[in-house]
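Protein chains: 2
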Amino acid sequence: MNFPKRVEIKNLQFAKQDGLIPVIVQDSRSLTILNLEYVNKEALKRTLETKYTHYYNQTKKQVVMKGETSGNIQRVIEILVDCDQDALIFQVEKKGLACQVWMKTCFHNRLEEFKKLRSGKKR
Amino acid sequence: MNFPKRVEIKNLQFAKQDGLIPVIVQDSRSLTILNLEYVNKEALKRTLETKYTHYYNQTKKQVVMKGETSGNIQRVIEILVDCDQDALIFQVEKKGLACQVWMKTCFHNRLEEFKKLRSGKKR
Chain A
37 MNFPKRVEIK
47 NLQFAKQDGL
57 IPVIVQDSRS
67 LTILNLEYVN
77 KEALKRTLET
87 KYTHYYNQTK
97 KQVVMKGETS
107 GNIQRVIEIL
117 VDCDQDALIF
127 QVEKKGLACQ
137 VWMKTCFHNR
147 LEEFKKLRSG
157 KKR
Chain B
37 MNFPKRVEIK
47 NLQFAKQDGL
57 IPVIVQDSRS
67 LTILNLEYVN
77 KEALKRTLET
87 KYTHYYNQTK
97 KQVVMKGETS
107 GNIQRVIEIL
117 VDCDQDALIF
127 QVEKKGLACQ
137 VWMKTCFHNR
147 LEEFKKLRSG
157 KKR
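Going line by line, the protein sequences match chains A and B. The opening position of the first sequence corresponds to residue 37 in the working numbering, with each subsequent residue numbered one higher. The opening position of the second sequence corresponds to residue 37 in the working numbering, with each subsequent residue numbered one higher.
Among these hints, one or two may not hold up.
If chains are identical, the list can't say which one is meant, so a pair holds when it fits in one copy or spans any two.
What the hints assert, rightly or not - Below, a list of computed lysine-lysine pairs in the BS3-like style, where the Cα atoms sit at most 25 angstroms apart: (1) K151 x K131; (2) K77 x K52; (3) K81 x K41; (4) K46 x K87; (5) K77 x K87; (6) K97 x K151; (7) K140 x K41.
Since the hints were made in silico from the structure, they are not lab data.
From just these sequences and the hints, can you work out the full model?
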């Protein structure tokens with residue numbers, strides 16, 4: 037086997053999910069996971085052109101630059117591709133907050149049932 | 037606003053994506069992102085019951101315990117939920133490798149076009 041391999045945009049499996057690929061957005065310094073977004077080809081193209089993250093907004097049905105209105109922009113430091121070529125990681129340097137609800141990450145909640153499980157059974 | 041909030045399984049948006057929710061699998065110690073997987077309610081239930089990750093395998097169309105055949109199991113340390121309640125993070129302690137192609141993470145490829153962009157324009 038010969039990994040890592042050469043992966044280009046043309047290899048990405050956009051067709052699998054109606055033209056969209058999930059993108060895990062990770063802070064390049066702290067490695068905190070900020071959000072899970074989606075790109076279509078256009079959003080990925082604009083991200084590469086500008087080096088600032090652009091995502092496909094499924095509600096607005098259009099490509100939006102992250103932080104265009106809020107100022108909470110994300111500069112791309114690295115783009116990683118998984119072995120199935122159907123998921124990406126954008127490692128970013130962010131300015132400001134990541135989440136629309138004024139948090140540093142969108143993953144700011146713990147799952148209640150797991151929390152209980154942990155507090156119930158210490159070991 | 038009142039965050040973080042209490043999120044239970046019943047709040048998770050399974051219906052949005054045909055009964056599946058994407059799960060970002062992250063090494064709890066190194067914070068390396070290992071993979072992007074999917075759970076249905078059954079996979080999440082089994083994960084909570086056993087504290088070992090179970091995912092919905094879209095090819096096999098069934099719930100599979102990670103590492104059941106390979107031995108590369110993942111013990112769950114924390115489960116985080118995003119603000120839209122449509123994505124999860126499983127922070128795990130893993131035994132062995134994360135990826136079927138014998139790598140520590142499934143995200144072992146860099147996107148060629150971005151690599152070129154970086155090497156072309158140093159700043």
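Hints, verified against the model:
no.: 1; hint: K151 x K131; in the structure: between (31 angstroms within a copy, 23 angstroms between copies)
no.: 2; hint: K77 x K52; in the structure: both (13 angstroms within a copy, 22 angstroms between copies)
no.: 3; hint: K81 x K41; in the structure: within (21 angstroms within a copy, 36 angstroms between copies)
no.: 4; hint: K46 x K87; in the structure: within (19 angstroms within a copy, 38 angstroms between copies)
no.: 5; hint: K77 x K87; in the structure: within (15 angstroms within a copy, 37 angstroms between copies)
no.: 6; hint: K97 x K151; in the structure: neither (36 angstroms within a copy, 29 angstroms between copies)
no.: 7; hint: K140 x K41; in the structure: between (33 angstroms within a copy, 15 angstroms between copies)
When the structure is compared with the earlier hints, a violation turns up for hint 6 alone.
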